[in-house]
Amino acid sequence: MIAALVLAGYAVLVAAAAPRLLARAAWPHRAPVAAVTLWLALAFSFVAAVLLALVHLAVPIDSGHGPFGWLSVCGSTLVAHMHSPPSAAAAAFGLSAAAVVLARLLATTVSSIVGAARKRGEHARLLALVACRDQALGVLVLDHGTPAVYCLPGRCPRIVVTSGAMEALTEPQLAAVIAHERAHIAGRHHILIALAEAFDRAFPRLPLARTARAEVELLVEMLADDRAADRHDRHLLATALYEVAAGGAPRPALAAGGPSALARMRRLLRPAETLGLAGRFGAASLSSAAIVLPALLTCVPAVVLCAA
Amino acid sequence: MDRLWTWGRPATVREVVDDLAKTRTSAYTTVMTVMDILFTKGWLTREKRGRAWVYSATTTREQYTARLMRDVLGESRDRTAALVHFVDQMTAEEAAALREALARFSQQSTSQETAS
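If you read the protein sequences in the order shown, they are chains V and R. Take the first sequence: its position 115, counted from the start at 1, is 115 in the working numbering, and no numbers get skipped. Take the second sequence: its position 54, counted from the start at 1, is 54 in the working numbering, and no numbers get skipped.
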């Protein structure tokens, strides 16, 4: 029972407090890779804590089995324990709730990945018939006035540039933007975005889920900006960002949007900042701790018993 | 599709094959099969004129481009990982903020140059 409460408390902490702290910190924009890892680790940590808390309701560990003690309880002993939980209702609730949470998460993950692939395929088929290939740049050109550049990641990656973007951007700017898109494709960023989206759809009103999704999307863009800035001028990329973003008709102000382009531009206009070794180590430690902590917390009863 | 859209008029398989032959050799039967598939998918309609089928596009290239662009530009907040933009379209205020940031930066760099 104690373990379930401790895990539940930890889950609440991760869901409510962690996102606020992380979103306000300055270091994520200096180390986007470490930051994305941490966000995904926090999401995993939350799910693990919730599942373990629910399982503990049904299968309470009241002896020092150690961190993975409840795993050893599986099998025939699971049945025996199930007959003596705090109450039959708690057992039923715990196990069925855990199953529901896990099923929901799996369902949203599969649907996010599969849904994205399907939409991508439909878009690609239409694109194949309508767009022209620019051999020199290695991109598809779509005849449309609004400047836009995007990529279709996945197994058959494609980069699309509208004719509006070709006109609005100089050749060096275009090369920088294409490098940014190539970085998205090479880094398989669409998988990271899909994972964050799946988590958000599985737990809709959770602050961690909403914030993680928005932050991961922004950090992934910064990652690609950094990759492009390896070979192209940062200022060039910043001006290209402006040309593409402001080139078309302005979006209606009511539509929900983020000032993410402004953050990216300010970041590009500053010289590149990285996190020192200490910072990176700290971030990696946080991610590792987040992943392992729920499992460790399941042995809280053992620790309490030892202390007593 | 490219030929039919460019010409803007109905055409027979023979006309398409002859035009394609300028850049690559395609068998008449291949082109005929492809156009038949496009017809089945609803991209083309056809009517018989004499002995030959005459095909025409059901939708213009612009309409399909517009449909694609709706995918790209629309519902950016709700988008899935299907496509990854370079940057979303802005509101007028956001565009002004970007412009200001750029202007301030170039002011700073020119004042640094004059100082040094």
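I should point out that these hints are in silico values taken from the structure, not numbers from a laboratory. Treat the hints with care, as some may be off.
Residues of chain R clear of chain V, computed beta-carbon distances all greater than 10 angstroms [as the list claims (entries may be wrong)]:
| # | residue |
| --- | --- |
| 1 | Gly8 |
| 2 | Val13 |
| 3 | Asp18 |
| 4 | Arg24 |
| 5 | Thr25 |
| 6 | Thr30 |
| 7 | Met32 |
| 8 | Glu62 |
| 9 | Ala82 |
| 10 | His85 |
| 11 | Met90 |
| 12 | Glu94 |
| 13 | Ala95 |
| 14 | Phe105 |
| 15 | Thr110 |
Label pairs and their computed distance ranges (CB to CB) [said to hold, decoys possible]:
| # | chain 1 | residue 1 | chain 2 | residue 2 | range |
| --- | --- | --- | --- | --- | --- |
| 16 | V | Ala103 | R | Ala92 | 43 to 49 angstroms |
| 17 | R | Lys48 | V | Gly138 | 40 to 46 angstroms |
| 18 | R | Trp5 | V | Gly282 | 55 to 61 angstroms |
| 19 | V | Gly282 | R | Ala103 | 52 to 58 angstroms |
| 20 | R | Gly8 | V | Gly115 | 45 to 51 angstroms |
| 21 | R | Thr60 | V | Pro207 | 53 to 59 angstroms |
Values in this document were obtained by computation on a predicted structure and should not be read as measured data. The beta carbon of each residue, even a glycine, is placed where N, CA and C say it ideally should be.
Next item on the list: Would you check whether the claim that methionine 32 (chain R) is not at the interface survives, using Cβ distances to chain V and the 10 angstroms cut-off?
Entry: At roughly 18 angstroms from the nearest Cβ of chain V, methionine 32 (chain R) sits farther out than 10 angstroms, so the non-interface label holds.
Margin query: Please check whether alanine 103 (chain V) and alanine 92 (chain R) have a Cβ separation lying inside 43 to 49 angstroms.
Written below: holds, 45 angstroms
Check: Is it the case that alanine 82 (chain R) keeps its Cβ farther than 10 angstroms from each residue Cβ in chain V?
Finding: Given a closest Cβ separation of 4 angstroms, the condition is violated.
Check: Okay, glycine 8 (chain R) versus glycine 115 (chain V) on CB: inside 45 to 51 angstroms?
Finding: Given range 45 to 51 angstroms: violated, Cβ gap about 37 angstroms.
Margin query: Please verify that the nearest CB of chain V lies beyond 10 angstroms from valine 13 (chain R)'s CB.
Written below: Answer for valine 13 (chain R): holds, closest chain V Cβ roughly 18 angstroms.
Check: Does threonine 30 (chain R) sit more than 10 angstroms from chain V, CB to CB?
Finding: holds, 17 angstroms
Margin query: Taking 40 to 46 angstroms as the stated bounds, is the beta-carbon spacing between lysine 48 (chain R) and glycine 138 (chain V) within them?
Written below: 43 angstroms Cβ-Cβ, so the 40 to 46 angstroms window holds.
Checklist line | Pairwise beta carbon distance, glycine 282 (chain V) to alanine 103 (chain R), judged against the given window 52 to 58 angstroms | finding: This hint is violated: roughly 37 angstroms between Cβ atoms.
Next item on the list: Please confirm whether glycine 8 (chain R) is truly not at the interface, meaning its C-beta sits more than 10 angstroms away from all C-beta atoms of chain V.
Entry: Consistent with the label, glycine 8 (chain R) stays out of reach of chain V, its closest Cβ about 15 angstroms off (over 10 angstroms).
Next item on the list: Find the nearest Cβ of chain V to the Cβ of glutamate 62 (chain R) and say whether that gap is larger than 10 angstroms.
Entry: violated, 8 angstroms
Checklist line | Minimum Cβ distance from methionine 90 (chain R) to chain V greater than 10 angstroms, as the annotation requires | finding: Nearest chain V Cβ is 5 angstroms from methionine 90 (chain R), so the label is violated.
Check: threonine 25 (chain R) clear of chain V by more than 10 angstroms, beta carbon to beta carbon?
Finding: holds, 20 angstroms
Hints 8, 9, 10, 11, 12, 13, 14, 19, 20 and 21, counting from the list given before, are not met by this structure.
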